[in-house]
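Chemist: Residue numbers (this note's numbering), protein chains in the order written: chain A, 1 to 404; chain B, 1 to 576.
Incorrect hints may have been included.
With a Cα cut of at most 30 Å, we get these calculated DSS-like pairs of lysine-lysine [to be verified]: (1) B/K248 x A/K256; (2) A/K198 x A/K110; (3) A/K163 x A/K321; (4) A/K404 x B/K367; (5) B/K83 x A/K404; (6) A/K201 x A/K266; (7) B/K531 x A/K266.
In short, the hints are calculated from the structure, not lab data.
Just so it is clear, the structure is predicted and the values come from calculations on it, not from any experiment.
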Amino acid sequence: MDNQTKKVLILGGGIAGLTAAWELSRQNISVELVEKSCFLGGHAIGFTCKATDKCQQCGACSVEDMLKNVVNEPLINVHLRTEIKELKKSAKFNITLTKSDIELPDSQIKNLPSGKAAKGFSKYNNPLYVTDSDKDKMGSSCQITADAVIVATGYSPFDPNRKSTYGYGKWKNVITGLDLENIIRENGSLVRPSDGQKPQKVAFIQCVGSRDERLGNLWCSEVCCPYAMRMAGTVKHDNPNADITMFYIDIQNSGKEFPVFYEKIKQNIRFVRTIPVDIYPLENDGLELRHMAEEEGSPSSESFDLVVLSVGIMPGKDSGKLSEITGIPVNQDGFLDNEISCCPCSSSAKSTQASQPSTSSQSASSIAGLFVAGTAKGPAGIAASMADAGKTAFEAMKYLGVIK
Amino acid sequence: MTTDKCTNVIEKCIDLKGSENCDDANMVDISISKDVLVIGAGSFGLEAAGKIAAQGYSVSVIGVKTACARQSGCSSEMLETGKVNIMQDVAIDSLAGVTGDFRAVLIKTAGNGTGCNETGCSEKVEKVFGAIVVAPQYSYSPLNKKYGLTLNDKVVSQSQFEAMLGDSESQKKILNSNNGNGSTVAFLTGFAQEGDPTLTSRVLTSALAVQNMENCNAYIYAGNVKVGAKGLERLFTQGRHAGVVCFKPSQMPTIEQTSTVEQDGNCDHKQVSETIKITIKDPVVRTDVELTPDYIVVEEALVVGQQNLDIASTLRIDADLYGFLPSNNVHRFPAKSNRDGIFVVNNSADAANTALKLKELIGNGIKKVAANKAKVDEDRCVICLTCYRSCPHGAIFWQNGAAAISQVACQGCGICASECPMDAIQIGDFTDDSLRTSIKDAVVSAKDNQKDGQPLIVAFCCKNSAFEACEAATQFGHEMPQGFRMVKVPCAGKVDVEFIMKAFVEGADGVMVAACHEGNCKAERGNIYAKWRVNEIQKRLEKMGLEKNRLIFTTIASNMAKEFAGKVNAFAAAIQ
Ligand SMILES: Cc1cc2nc3c(=O)[nH]c(=O)nc-3n(C[C@H](O)[C@H](O)[C@H](O)COP(=O)(O)OP(=O)(O)OC[C@H]3O[C@@H](n4cnc5c(N)ncnc54)[C@H](O)[C@@H]3O)c2cc1C
Ligand code: SF4
Ligand code: SF4
Ligand code: SF4
Ligand code: SF4
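Model the full structure from these sequences, guided by the hints.
Modeler: Take a look at the structure:
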C-alpha cells in the first residue's frame, strides 16, 4: 500500500499534536495539523528552562526541538487559527474546517515600534508576531478528507478566579505557575509583576484546583509539583538569598532520579504541609497569606513578595464541543476518552501495576479511526505526552494498515 | 550595552559555516539487518517483540524467566506471526559491531544468569542483529529493616499481603484474626523511600480491599501519598470515604515489635505471640497516637539487580543514578538510549514508540545516510582507542587495522575528532579547516561592526542549544553588543583548544563556549569535555600572564533567547 496516499488530520498543535504529526510523517503519512490559536506549540512552547547547575529534565527544550522538526517537514501541512466545524465518517472522514474567532492571548501582547502584536515564544513560530489585522487574515475554511483523526487539543489550566480568596487578578503579585513559566522565559529570570524587581520571599501554593473534592476535581494534575519545585530551584539558583516556601498536601515525583532531586530541593526550600486559606494585600505590593499549618496547630499568617498558584490540568475548554462534533465520549472528569476496551486478549498483558479503576464509562461507543493523544485525555507532563502521542501515532498507523 | 535595532543585529547569528549538506550525492546506502534482539522477556519485552515482529522483522527474545513461562504476556498475535523466537534461559555475553550490524554473543545460562555451572560453561553463539531492545526486569525487595521490623506472618511485605488477599485461606485468617472480630491492618509507605504512584496504587487497592472486609480496618501511614497517576486520587478518596484512615506524620513512625515465646512443655510446640505498636505524634492534637494492628504491611523497593547492570555495561548504554535504564536525559525519552539502535522499553508506550523508531531505522533493510558524518584517516590512526572510548553513541568499530565510524550510528558530534591525539578524524559538516575559516570570518565580521570601546566577542555555540538561543535572541531583537559573533559547532565537545586560541589570535577580546546544560547534551558528555578544555586554557592563559576571565564556559537551553542575550551582555560588561 502506498503510504503517501494516507492522510491523518490532527487537531491541536501542542507537544502531543506535534509529536504525533512528526511520527506519522516519519512513516510517509501526510498530516493536516489544525491549530486553533495563531501559534504552534501549545502551552509548553512558552515554558522556561528550569536548569540550575544542571538540567532538571523539565522537557521544555524538547518542545522547541519538536517544533523545529515539524515546521521543516513538507509532509505536515499546518492550519493556524483554524477549528473543526463538522466531522462525518463514511469510508473516510470528511471534515469541515473553519476559521477560528479566537482572540490574541493578552499575556503574549507586546508593544512593538510598529504597534501592538502578539509575540510567539519560539523562533520556529511562523509568523513570529501576529497583529489584530494579521490575525483576521489567518485561518482555513475548507473541506478535507482524512483516513484517520487524532484529537490532541490539550488541557486548560485551572482558572484561578474560581479560588477567589487568593485574589488572582486583584493583587498583582499573585500569579499562576503558567505566568511564572512565561515570566522567567521572557526575562531570563524571575521578576515581580508589580515592580520588575526580584522578589525575596516567594510562596508556592500547590494543588490549586486539583485534588479538590469540593470542586469535584478528583485527580492529581501530576505536573504541578514537578514544575513548582523545578522553578523554585531555578529562582533559588538565580538568587541564593531568595526565601521560598511551598505549601502542599503531598509531593509528587518529577521523574527519574527524583529522590536526589527532592533531597536537594528540601535543603533550599521550606515545605509546609497545609493549603493556605486566603491572601490579603500589604503595603509595597506585598501579600499576607493565612494558613493553618499543622506544625503550628493554630491559624497563622506570613507575608510574601510574590505568591505562585500551582494551577493544575483541567479538561480542555473545547472538550465538550469536540465530543459533540467527533463523537468521542468524555469521561467523568471531563477529559476526552476514546480508550477502546478492546479484545479479551489484552487481559493477558497483565502489567505489574495493580488494577486501576476504569474511568471511561462509554468506551464502547468509540468510533474506529478516531484517536486522542496527550493531555486532552488527562494530566501528563511533556515527556509522557510525547510518549503517548507516539503510541497514538502507532495505533493510528495500525488502523490505516500502514503498519501491522 | 546598547545597539539600535534588530535589523543591524540580524547577521550576527547567521550560521557562518553554511548549511548541512545532505543532497543525494553525499548519501550512501547501508544495509541493516532485519533481525532484532529483545533482552528481557517480561510482559513489556514481549509486547515490544510482538509489535516489532508485526512490522516484518524477525525477533529473538532472550531472558532468564519469560513472562510466557509464567502464562502471561504472550499474545496470540505474537505467536501466530511465528516471527518471535523466545529463548528461555539465554543471556547476552558480549556485544560488538554497530547499529545495523550488531554482533551479539548469546549464551545458554544455567539458570543462574551466567553461562557456567559446576560442569563447565555452555557454548556461545554469535548472531547478527540490526537493533537491540532492552526491557529491564526489576524485582521488589521489602524495606522492613528500615523500619526495624522482622517479617513474619503478621509483618508482611506488600507483595506477600497481596498474595494473602488473593488466597481464600489467608483471607479467612485476616477476617478472623481477633476471634472472629476482623483485623486492623496498617500499611507503611513512603518513609523508607520516596515511593511512586505504582506502589501507592497497590497500597490503596489493598487498603480498600481490607476496609471492605467485614469488621476490618485499614490504616495507611504515608510520607507523601503518590497519587500522580491516572485514577489514583479518585481511588484515594474512595478509600477515605470507605473509612480507610491515612496518617501523614512528618517522621517515620516509631514501631515496637515485641514477640514473646511461650514454651508449653512440648518442645516442638512453641507459642509465639507478638504485639506490634505504631506510635506517631498527631500534629494537630499534639499527643501520641498509638495503634496496635494485627498486620503490618511494609513497602517494597524496586531493585535494579546485577543482571540489569551487566546488560547495560555489555551494551555500553548509560543508566541513571540508580542504575535504571535509560539515562536521565530528555533527549532519550521515550525509549531511546545513548546508542542509536539500542532501545529501552519500560512500559507499553515505550513498546509502541520503539516499534515506530525501529521501523524508521531498519525500514526495508537499506538505509540512506549522509556519507561523511565523520571519517577516519586510516593512515594517521594509531589505534589508541581514544575515539572508541569517548564516542557517546558507540559508533566506532575497527576495520583494516584502524578505527572506522558507522555512518548510521554516528551523530556527528565531533567529540572523537577533538579527542583524537593524531587529528585523524574529520567531521563532514564541520571539518577543522572549515571551522578555522568560520572563526576568522566571525572575527572579521565583528570588527566591521564593532562599536568603539565595545569588546569583540566570539562565542562557540553548540548547534543544539546555544546556537538556537542565539538565533532566537537575534530574531526577537534582544540587544547584544555589535562586536559579538558566534561560530556554530556540532556540539561543544568539538571546540578544540586550538580553535579557542585561534579566536584570540585573530583578535577576539573575549571567547565564550556555550554548551547545553549538564545532563541535557545530546552527546551526553560533549559539554563536559568542553568545560574541561576551557578550564585547561584558562590555566594556560593565567600562566601566560593573560586574564583568564576573557574565556568563559556557559550553559544554556535552546529556548532561552533572552537569557542568552543576558549572558553575552554580562560577559561583554565584565571584560570591557
Ligand atoms: C503551569 C504549568 C507548568 C508546566 N510545566 C511543565 C514542565 O515543566 N514540564 C512538563 O513536562 N510539563 C509541564 N506542564 C505540563 C505540560 O503543559 C503538558 O504536558 C503539555 O503542554 C501537554 O501538551 P498537549 O499537546 O497535550 O496540550 P497543550 O499544550 O494544551 O496543546 C494543545 C493545543 O491544542 C490547541 N487546541 C485547543 N483546542 C483546540 C481546538 N478545538 N481545535 C484546534 N486546536 C485546539 C491549543 O491551542 C494548543 O495549541 C506544565 C503545566 C502547567 C499548567
Ligand atoms: S531544564 Fe528543561 S529546558 Fe532546561 S535544558 Fe533541561 S530539559 Fe531543557
Ligand atoms: S502534582 Fe502536586 S500540586 Fe499538582 S495536583 Fe498533584 S499533588 Fe497537587
Ligand atoms: S583516537 Fe584517533 S588515533 Fe586513536 S583510535 Fe581513534 S582515530 Fe585512531
Ligand atoms: S562524531 Fe560523535 S557520534 Fe560520531 S563517531 Fe565521533 S564521537 Fe561518535
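Chemist: So which of those numbered hints doesn't the model satisfy?
Modeler: none
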